[in-house]
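Q: Going line by line, the protein sequences match chains A and B. Start counting the first sequence at 27; every next residue gets the next number (this note's numbering). Start counting the second sequence at 878; every next residue gets the next number (this note's numbering).
Hints were generated in silico from the structure; no laboratory data involved. Mixed in with the good hints there might be a few duds.
With a straight-line Cα cutoff of 20 Å, these simulated DMTMM-like cross-link-like pairs (lysine to aspartate or glutamate) come out [stated by the list, open to error]:
1. 378/A / 203/A
2. 378/A / 317/A
3. 52/A / 154/A
4. 1028/B / 119/A
5. 1028/B / 111/A
6. 360/A / 336/A
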Amino acid sequence: MTVLDVDIRHAQGAFDLQARFQSDGKLTALFGPSGSGKTTMVNAIGGLLRPDHGHIAVQGRVLVDTKTGIFVPKHRRRIGYVFQEGRLFPHLDVRQNLLFGRWFTPRRERKTGFGNVVELLGIGHLLDRWPATLSGGEKQRVAIGRALLADPRLLLMDEPLASLDEARKAEILPYIERLRDEGGVPIVLVSHSVPEIARLATIVVVLSEGRVTASGAASEILRHTNLFRQTGLTESGALIEAQVLRHEDGFGLTVLQARAGTLTVPLLAHPVGARMRVRLRARDIILSLQEPQGMSALNVLPGLISSVDEPEGPSVDVQLDCGGDALVARVTRKSVAELGLRPGLPVHAIIKSIAFDQDALGGATPAKM
Amino acid sequence: MPAIEAIADRETGHAFDASISRQGNRRLVTDWLSPEEWTAVRLSLKVAFVAMAASLVPGIAIALLLERGRFWGRQFLDVLVHLPLVLPPVVVGWFLLIGFGRRGPIGAFLAEHFGIVFSFRWTGAALACAIMGFPLLVRAIRLSIAAVDRKLEDAAGTLGAHPVWVFAAVTLPLIVPGIIAGMVLSFAKAMGEFGATITFVSNIPGETQTIPSAIYTYTQVPGGESGAMRLTLVSIVVSVAALWLSEWLARRMRRRIHA
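Using the sequences provided together with the hints, build the complete structure.
A: Structural data, given as structure tokens:
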């Protein structure tokens, strides 16, 4: 079923949003630079803004249709909204904040257990505190819990991590991952961070200057730099699924199994068998025509060139198919010419283990799945 | 009724048991003020309290309308509410006399249908005080409404709260400090109101003679200085106490919110 069906036009001063997309993913990411219309879009979905034209439907329920004059007010939409800055009620303690939406939820629709949410978000020790005494990360976790406990049919998150430092981000990300995989509520996440999207998104909608420039599966969208050219971001990279094969504690390394082959990465805390997402940035991949010998890089993945993108300045993105995993490598135009890189050519993709930083390695989900 | 006992004691001339200090204090106050002064003090407190309480709900409503409303005539309403602040109080009293007097259009209507009479009654004094204090009340509440983060109200809406509930559960608790400040200003204004009250309901001891009117009367008669001084001291004590109470309440609120 289509989770989200949006087709709206809205003018706000000089800014003009004309966006249309559908999503059936667990976590739909709205991606684009600031000013591209992401927040306007979620505000329209959440009912904080009345679009000039168009329609919005969530799980088949029409919330906005300007043709027939339908506009469901925000308090009847049952759409949770986690704001960038938390917006906890300062006059209520954490417990009261969490239970605020519950008052207004019809009894038969109260499915989410208070204890489950508190446990999922790890906020049990905060229940009697006041919002003013919480850290930024704690506030965001409470805000997520508050939205969940209203039993929403859709959860909107407008850059929930933007106001947090790296440590706090790392603290929240696993909770959003668990929510995506266990929560059962579809999520729309606004973000302008590629690592965030790579780690969390199942569907990506790319926005640029009020227009949708691309939308589709995250692994597909993130491989194509040219989609991001208008956004000013040039962080193309592949997303592949992998499973923890073994740990080499003596060397501080972990070996992952992907369809493309084995990947050796810095030691991970995840148990053997855990599934995870790995992001291979295009600029971290070297291409070689022969299987390399006597080299320090531990990861060599054989594959075929599937296509060569349009050049961008001196560099070119080369799309690869390595045993069913799609990879992308950024090389110079000169290399393309000298090596004669063309679709169908067998090559070896070489990646240094060190290239897998914290951003590139997503959280694990339990092995059984 | 210790106050009455104290007066009775004074009349019968019985000595009081000095160990019952509370009653002793009570007697000191009643003795210190003459029965007429005491009446004026009690009447003033009653008038000020009723004026403040009665204008509270309309004050919040008008403040909301002025701060949040987008309607034709908002400017006009704004000016109307603020008029008592800039007009001579005597003029306000005169308007009240014309409108709410026994023969005035509003006064006659209220007397006939509801049996409410304002002219030359303490209720009229309360009405005059409420109107004179109204701009102060509205301004204080309006400022606090302007300071409320509308984003919190939006957040409450996305959690399923109807706008009425958003007001009751989010906006109202957040503007309580402003409401308290407005109430104190309204009360203090009512305690000191003179011009509009005396014009509208005159200066009848026991019915409409509040502390300011009583002080004015004392200054008009020879030897009234000590009475005027005593009532002045009472005025000061009541005003300072009201200010202190409001500060204390506001501080408690702030401590809770910005712990």
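Q: Checking each numbered hint in turn, tell me which of them this model violates, lowest number first.
A: 1, 3
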